[in-house]
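Engineer: Protein chains in written order, with numbering that gives the first Met the number 0: chain A, 0 to 190; chain B, 0 to 190; chain C, 0 to 190; chain D, 0 to 190.
Identical copies carry no separate label here, and so any pair may be met within one copy or between two of them.
List time: in silico DSSO-like cross-link candidates among lysine-lysine, alpha-carbon distance up to 27 angstroms:
1) K137 with K72
2) K143 with K119
3) K119 with K141
4) K36 with K96
5) K137 with K119
If you are wondering where the hints come from, they were derived from the structure by calculation, not from laboratory data.
Protein chains: 4
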Amino acid sequence: MTTGRLEAFSDGVLAIIITIMVLGMSAPEGYTFEALKPILPVFLTYVLSFIYVGIYWNNHHHLLQAVNKVNGKILWANLNLLFWLSLFPFATDWMGKNHFEDNPTAIYGAVLFMAAIAFKIMVYCVIQNEGENSNVGKVYSKDKRMNISLFLYLAGIVVSFFLPILSLVIYLGVALMWIVPDPRIEKTLKE
Amino acid sequence: MTTGRLEAFSDGVLAIIITIMVLGMSAPEGYTFEALKPILPVFLTYVLSFIYVGIYWNNHHHLLQAVNKVNGKILWANLNLLFWLSLFPFATDWMGKNHFEDNPTAIYGAVLFMAAIAFKIMVYCVIQNEGENSNVGKVYSKDKRMNISLFLYLAGIVVSFFLPILSLVIYLGVALMWIVPDPRIEKTLKE
Amino acid sequence: MTTGRLEAFSDGVLAIIITIMVLGMSAPEGYTFEALKPILPVFLTYVLSFIYVGIYWNNHHHLLQAVNKVNGKILWANLNLLFWLSLFPFATDWMGKNHFEDNPTAIYGAVLFMAAIAFKIMVYCVIQNEGENSNVGKVYSKDKRMNISLFLYLAGIVVSFFLPILSLVIYLGVALMWIVPDPRIEKTLKE
Amino acid sequence: MTTGRLEAFSDGVLAIIITIMVLGMSAPEGYTFEALKPILPVFLTYVLSFIYVGIYWNNHHHLLQAVNKVNGKILWANLNLLFWLSLFPFATDWMGKNHFEDNPTAIYGAVLFMAAIAFKIMVYCVIQNEGENSNVGKVYSKDKRMNISLFLYLAGIVVSFFLPILSLVIYLGVALMWIVPDPRIEKTLKE
Numbered sequence: 000m001t002t003g004r005l006e007a008f009s010d011g012v013l014a015i016i017i018t019i020m021v022l023g024m025s026a027p028e029g030y031t032f033e034a035l036k037p038i039l040p041v042f043l044t045y046v047l048s049f050i051y052v053g054i055y056w057n058n059h060h061h062l063l064q065a066v067n068k069v070n071g072k073i074l075w076a077n078l079n080l081l082f083w084l085s086l087f088p089f090a091t092d093w094m095g096k097n098h099f100e101d102n103p104t105a106i107y108g109a110v111l112f113m114a115a116i117a118f119k120i121m122v123y124c125v126i127q128n129e130g131e132n133s134n135v136g137k138v139y140s141k142d143k144r145m146n147i148s149l150f151l152y153l154a155g156i157v158v159s160f161f162l163p164i165l166s167l168v169i170y171l172g173v174a175l176m177w178i179v180p181d182p183r184i185e186k187t188l189k190e
Numbered sequence: 000m001t002t003g004r005l006e007a008f009s010d011g012v013l014a015i016i017i018t019i020m021v022l023g024m025s026a027p028e029g030y031t032f033e034a035l036k037p038i039l040p041v042f043l044t045y046v047l048s049f050i051y052v053g054i055y056w057n058n059h060h061h062l063l064q065a066v067n068k069v070n071g072k073i074l075w076a077n078l079n080l081l082f083w084l085s086l087f088p089f090a091t092d093w094m095g096k097n098h099f100e101d102n103p104t105a106i107y108g109a110v111l112f113m114a115a116i117a118f119k120i121m122v123y124c125v126i127q128n129e130g131e132n133s134n135v136g137k138v139y140s141k142d143k144r145m146n147i148s149l150f151l152y153l154a155g156i157v158v159s160f161f162l163p164i165l166s167l168v169i170y171l172g173v174a175l176m177w178i179v180p181d182p183r184i185e186k187t188l189k190e
Numbered sequence: 000m001t002t003g004r005l006e007a008f009s010d011g012v013l014a015i016i017i018t019i020m021v022l023g024m025s026a027p028e029g030y031t032f033e034a035l036k037p038i039l040p041v042f043l044t045y046v047l048s049f050i051y052v053g054i055y056w057n058n059h060h061h062l063l064q065a066v067n068k069v070n071g072k073i074l075w076a077n078l079n080l081l082f083w084l085s086l087f088p089f090a091t092d093w094m095g096k097n098h099f100e101d102n103p104t105a106i107y108g109a110v111l112f113m114a115a116i117a118f119k120i121m122v123y124c125v126i127q128n129e130g131e132n133s134n135v136g137k138v139y140s141k142d143k144r145m146n147i148s149l150f151l152y153l154a155g156i157v158v159s160f161f162l163p164i165l166s167l168v169i170y171l172g173v174a175l176m177w178i179v180p181d182p183r184i185e186k187t188l189k190e
Numbered sequence: 000m001t002t003g004r005l006e007a008f009s010d011g012v013l014a015i016i017i018t019i020m021v022l023g024m025s026a027p028e029g030y031t032f033e034a035l036k037p038i039l040p041v042f043l044t045y046v047l048s049f050i051y052v053g054i055y056w057n058n059h060h061h062l063l064q065a066v067n068k069v070n071g072k073i074l075w076a077n078l079n080l081l082f083w084l085s086l087f088p089f090a091t092d093w094m095g096k097n098h099f100e101d102n103p104t105a106i107y108g109a110v111l112f113m114a115a116i117a118f119k120i121m122v123y124c125v126i127q128n129e130g131e132n133s134n135v136g137k138v139y140s141k142d143k144r145m146n147i148s149l150f151l152y153l154a155g156i157v158v159s160f161f162l163p164i165l166s167l168v169i170y171l172g173v174a175l176m177w178i179v180p181d182p183r184i185e186k187t188l189k190e
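The whole structure should be built from the sequences, with the hints applied where relevant.
Structural biologist: Structure representation (structure tokens):
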């Protein structure tokens, strides 16, 4: 089984998730700049979520490039990842509309956390299939960013009950950590 | 005619169906965990439907891998399948919002039943085109899961008028039966 | 320029159109079969529109299979076709929700008419590019169904002001005429 | 890294954006032609936005055809472009529903401006990667339309505070300037 349709389907789902989020940002009743003000937090959450889906698309792209064969486990690990990512529009909408209140900010962090766990499971299934000495095995065994992210998401969830704005800073920090492309992956792929 | 565009179009439709369902789960007014409670049944139904669309994508993927040529009949059998799958968001939404009342649970089962019939028709059209001794012919002639599913969906519909929660257990049971990859298909494909 | 991305983009748009229409059919408030009754006309319109988008996908598929090169004119003729098809969800929704009243039925016919004109323009651009003796040229020069459809859509629009239900019968009739695959195209392609 | 998935993902996002815009045009309550009247400005804005997304898809298509290798910078430049394009449905909806009032018309122009800047950044990243003497480098170094567009969008934003209808004429003018295919690109690609 090749990766072709797995990529096509995942691209489709990710493309829809990233675009559907903007639907949560409905045009206001008034027609002045003033009327846009209450939408600002929704917009900022949308930007953050857009960056996250972009990061997942990027990492998914990199991961599958190093994959040679797909099995049933990987298909379901991929669907599990897509499931958690599909909750982004909901979490984005709820957090944005409630101006970063504590509980929505915790739920947003929980969705980020579960998506990260799902990605870790998928990497694990791929390594199991390809072998520890494969490209994927070599790259991800050294990757500390995945575990750091998981820890920071948990920290963000806990912090959200006291200072939700700090959680947002943490979520944004993790995102920035991932935007920088991983030189190890690109290097290992080139070898 | 090759399977390329048939797969691309079906992937697109399935990707949209699976993602659009989550739109039925709109962010609640309040901003407390309490406010999420009425959404829980919608969420659980969404999980069930997500698994079902995942199963159909998987089976569709397997079926088309064994197909060499596509004709007009198969195109329309595929569109028929996509039609019934496109009713998933509606059935999911109705059942989730009405907390598993009897009639919505029956309709949900009816959509599952019709989608299964549509898949059976598609398999039949493919076998007619490829021949009984083709890979597809060999695999699906022995497949008892399709008929068992049809029977269980019917049972779920009948049961829904007395004990809707049992219908849900049945629908979930059928889903679990399909998540396990069919070793016969993978074996026959490898031969 | 090859047809690859033109097909991918068109498949995406058609997949979204066909799936988005079902969103117009929102789950009713009540939870009895009775509550589904007012949705029935919406459902029937959805079925009709689903068949039409299926037909366009099919014909688009056939047309592009016979195309070897794409130019700027064809790209824009394709976008023009997609534009009119993108009005299907609106026309479907309006006609379904108003239980086949006269004006919505006329508008529905007008959208069908404009989409058919757009397809005709695209065929013309393709023939201009490929030459009259190309596969496409040979097939479509004999195709009377396109002109018959245009005439019937116009008839349907006129009739809708007196007897909208007859317009629906006409629209359905045209659809059935197109579901049957055109043996001439399949034959010419095989030659 | 090849351009395959970058194109597939972008096609998906653009296909969704172009189709989702039409959702902002919801079917009116009444069932007469009269009831369609208030929707007319929404429809006209939709047409304009459809043309713009079509232009971006076209230009994106042309740009990526001239690209041989993709790096991390280009991936993010592409996501940045898709982000601004994803705001089209919102801007379209707001301007259409408010019948071309001043502020929504300015915001619409601002989104056009930012998308054009994003496209310019992407072209810059591609040229940096491919070299100034590459096809892309040669074509875009002479392209004056990009800078003219940026200037005209700015003019449109300023004008919107005095005479919004003139801004619309400007936005439409820029669109028409881009619909004509650029002979230089097609020529350079043929060489």
